[in-house]
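**Student:** Work out the full structure: start from the sequences and follow the hints.
Protein chains in written order, with numbering that gives the first Met the number 0: chain A, 0 to 104; chain B, 0 to 104; chain C, 0 to 104; chain D, 0 to 104.
Everything labelled a hint here was simulated from the structure, so no lab data went into it. There's no promise every hint is true.
If chains are identical, the list can't say which one is meant, so a pair holds when it fits in one copy or spans any two.
[As the list claims (entries may be wrong)] DSS-like cross-link-like pairs, simulated, lysine-lysine; straight-line CA separation at most 30 Å:
hint, residue 1, residue 2
1, K90, K103
2, K8, K92
3, K8, K90
4, K8, K20
5, K20, K103
6, K8, K59
7, K99, K20
8, K20, K95
9, K99, K8
10, K103, K8
11, K95, K59
There are 4 protein chains.
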Amino acid sequence: MDFGELERKVVVFRDARGWAKYHTPKNLAISAVVELGELLEHFQWETDEEILELAENPTKREAIADEIADVIIYLTLLAHELGIDLDEAVKRKLEKNEEKYPVKA
Amino acid sequence: MDFGELERKVVVFRDARGWAKYHTPKNLAISAVVELGELLEHFQWETDEEILELAENPTKREAIADEIADVIIYLTLLAHELGIDLDEAVKRKLEKNEEKYPVKA
Amino acid sequence: MDFGELERKVVVFRDARGWAKYHTPKNLAISAVVELGELLEHFQWETDEEILELAENPTKREAIADEIADVIIYLTLLAHELGIDLDEAVKRKLEKNEEKYPVKA
Amino acid sequence: MDFGELERKVVVFRDARGWAKYHTPKNLAISAVVELGELLEHFQWETDEEILELAENPTKREAIADEIADVIIYLTLLAHELGIDLDEAVKRKLEKNEEKYPVKA
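**Tutor:** Encoded structure:
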């Protein structure tokens, strides 16, 4: 799935439910924070080694994956509202990073 | 670009710079929060109407798009570290949402 | 209660439970994000007017107050770990704000 | 300084500048996230040991302290808007924590 397809799917999903009116920029940004907080809850009291071990458990890995997906879904909806082409945005940012941090010869 | 291609690109980028050692789960999760904070800074004192107007300005829209892209890039790196297939994760979450919130007939 | 008293109380509380080993700077910072996410969840789909109305309900207001208190408790523990005197820090920041944003005559 | 005094000071500060109109619940909550993101930026690529060392440097410690203070200031303004007595809220939450996590005999 690419970003264009994801955008179409989440917009169809929310329009079928009449949720567009709740999807203001601030509400979607706040929603991304809520989901990112839920992602961080999995890491709260664990060491990095323990987190990597946790992620080997399929149930736990899926729970963490769900939270990452939720953040991405809300950011896709936010980009949609703001007229941002996410595919173009990510490609452009990767290019900016290449220029900002050149590989040392 | 799909999530598999994005993952390959960001991993090649960071390995070329020897940054893998900094990319622990917690550091990447914290980085996503930092970038999401920078995204929210654009919205801090604006109304939703003002944000939508701001986003019509190409320079401002690109600045906002950069922050969204940064969050997605860090989440892609985090998913990579945890052995999460982001494409599968997002598809599965969309299906769960369909089941959780059925469209009223 | 002042910040010094709050610091003493939360440190006594966690030491009585043997939790100091979990209270690394990153874990406490992540915990503040988790709690702030829970606070934002109360605001996610509400307008500002609806939030102000919600807060008139004592049960709801207490639930929101609990989340604000949790963020402050984790920040107090973080300040303690970093040798930061929170009372002094807040006073100094208020003075900096006075200088940075002078009142127009 | 106790929470009541802090509340009075930040409300006087913002009223002297005519900023009350910007201090909606969502804007203040978003502002707390922005400042918490700036706090986390100090920790982004450091280990916990490096963060503790950083905090021994007075300039760095003050920079971190400023960010913690900013989060607390915005949460105090948010509590004010919602009619929450922060002193009471923190005391009550400490009591709830005592009940929820009894010390093992």
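**Student:** Check the structure against each numbered hint from earlier and tell me which ones fail, lowest number first.
**Tutor:** Hints that this structure does not satisfy do not exist here, as all of them hold.
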